[in-house]
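S.K.: Guided by the hints, dock chain B onto chain A, whose structure is given.
Protein chains in written order, with the numbering used here: chain A, 1 to 386; chain B, 1001 to 1194.
Note that these hints are calculated values from the structure, not bench results.
Using N, Cα and C, we set each Cβ at its ideal position, and we do this for glycine too.
Incomplete in silico selection of chain A near chain B, CB under 10 Å: (1) Arg25; (2) Val35; (3) Leu45; (4) Ala138; (5) Gln244.
One side only, chain B facing chain A, incomplete, derived with CB under 7 Å: (6) Tyr1034; (7) Ala1039; (8) Val1042; (9) Trp1046; (10) Glu1057; (11) Phe1063; (12) Ile1064; (13) His1067; (14) His1133; (15) Met1136; (16) Ile1137; (17) Tyr1155; (18) Tyr1156; (19) Leu1186; (20) Arg1187.
From the derived model, a few chain B residues whose C-beta atoms are all more than 10 Å from chain A: (21) Arg1142; (22) Gln1145; (23) Arg1146.
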Amino acid sequence: MSDATDFMNPDHEPGEFDGVEHRLRRALHHEAQRVRPSERLDHILAASGRGTTGAPGGPPGRPRWLSPLGAAAAVALIAGVVWTVTEPDEPQRPPVGITTTAPADTASPSPTSPPTSSAPTTGSTSPTSSSTPASQRAALPVYFVGPVGGDRAVFRLFREFLPGTLPPAASDADKARASLDLAMDAQPFSNTDGYLQPWSGTAVEGVSVTPGLITVTLSNAGSPGVDDREVARVAVQSLVWTAQAAVGKGTIPVTFRIADGSKALFGQFAAAQTYNRPPSAESYQDLAPIWISQPGRDAVLPASKPVVVKGEATVFEATVSWRLQRGTTEVKKGFATASVGAPGRGGYSFSLGTLAPGDYTIRVFELSMEDGTKVNAEKSVGFSVK
Amino acid sequence: MRVLSVVERRAGGQGAAGGGDRDTGADDAIAELYAAHWAGLVRLAWLLVRDDQLAEEVTQDAFIAVHGSWRSLRDHQRAAAYLRRAVVNGARSSLRHRGVEQRYVARQQQEGTAYGSRPAPGPEEQALEQESHDDMIRALGRLSQRQREVLTMRYYLDLSEAEIADALGISAGSVKAHAHRGLAALRDGVGARR
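If we strip away everything but chain A, and leave its shape as in the complex, we get (with noise of 0.2 Å):
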């Protein structure tokens, strides 16, 4: 690696910047510190054409890898410039170092973090290639309304990221439909996880994204038996939060449209007032306490490596409690600390070891502070491990 002498100007006198270098140095390491990256592995190999969410829809067995000409769209979108991986004459660089900057404690999820749309766009020139590009696989991030489990009747949004189309050269109109139209379709983790389905009966006919303002233009005001005020709250935010999060710009407020005339969603909340997501500090409002983002549901984990649970939590004094069972016997138990503890959203992660191949249940659950005994939170997750 270089030392101090590469940054040598012809004026620059030897030890000029020391101090400033130094305090540099520091600060940086120290903001960055404050980052907690959420886990994306599963997204990043979901969006490249298979992956552990689960994924009806796609083309089995054809990778978007196999697609050369979407690989290179994706990479010149990405850099701006085309790289020049396929060139023939690459000169020769100097050898580099491969600085492993990721700190070992790398893992922990973000707390808030609203997840982001996977889709390969971000750049803003378009494909170079005069051939029509295929569409791209990508995760899309949808939230939906669950029961956040334990002894009381409480809905709030879980996060998934399922697999989904995106049109080459996706518009930010194009990720946030993607998304709220998987949005209106709980019905495949109804059973599983218990998700509500308050758009059921209803279409997203349009959304349109200006830098200020998203529009999401509905079918109907939503599912009539839903009259729990909180519930319908909390089913107006699932769409606020995805279309912000497919959108992926930060809280761009949310507005809505109903094309058969109705004034109010859920005859309770005014379709044409804007909505947001809550302050980072009072997600709680919205978000389910505990989260499971890892492993994936019905993950198949290698039996050579530990498993790794990872999520997000909103709980009293950051401690979490699990059980792993293997069928219905208990194997282990333990607590874990996120990294804040509520009103703030933290990450935690904590690791099972190495399992014996089988069919496993991750629970992971908040105890009241009031008796110990009563659970206020949970959230389970299956897997398996071969």
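M.R.: Frame of chain A, contents of chain B only:
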């Protein structure tokens, strides 16, 4: 610190793994790159865009792009460099796209984002140190995007001048100049405010 990942050590061997309709070689390689570089690159992106959501998106897109082009990457040893370049370009592009350069400064002053929430107040020294860090980060926010990129890659990732030039697609001389001007501005800017 130089760490050779398994990916690099077995560079070139991936092509032989092909032939089926599953490129497990690419999946494995990406998983290893992910283990080694994901957190560092998200943090790099975050330092550049100051937005947790955007930082992860940019970094995720970089991994997806590298996965997608795995077979056409001539030199797998350079995969980490490709990732870095994609992240820096992605960060730059998203900032430009959104016209948010000015908001960079606003964002780091506001404590809204999850990543940006301040730690609980600690002992006095910690508070003082925090203040000093904040001064420096604010000063960094007043530099040009290019200067910020160069200094962040240099002092956060500890990259060499050649690596930074490579990642940014500019000459080594420009890297020197940006670094020098940036450091001078930081020294003067931070010094003047203290």
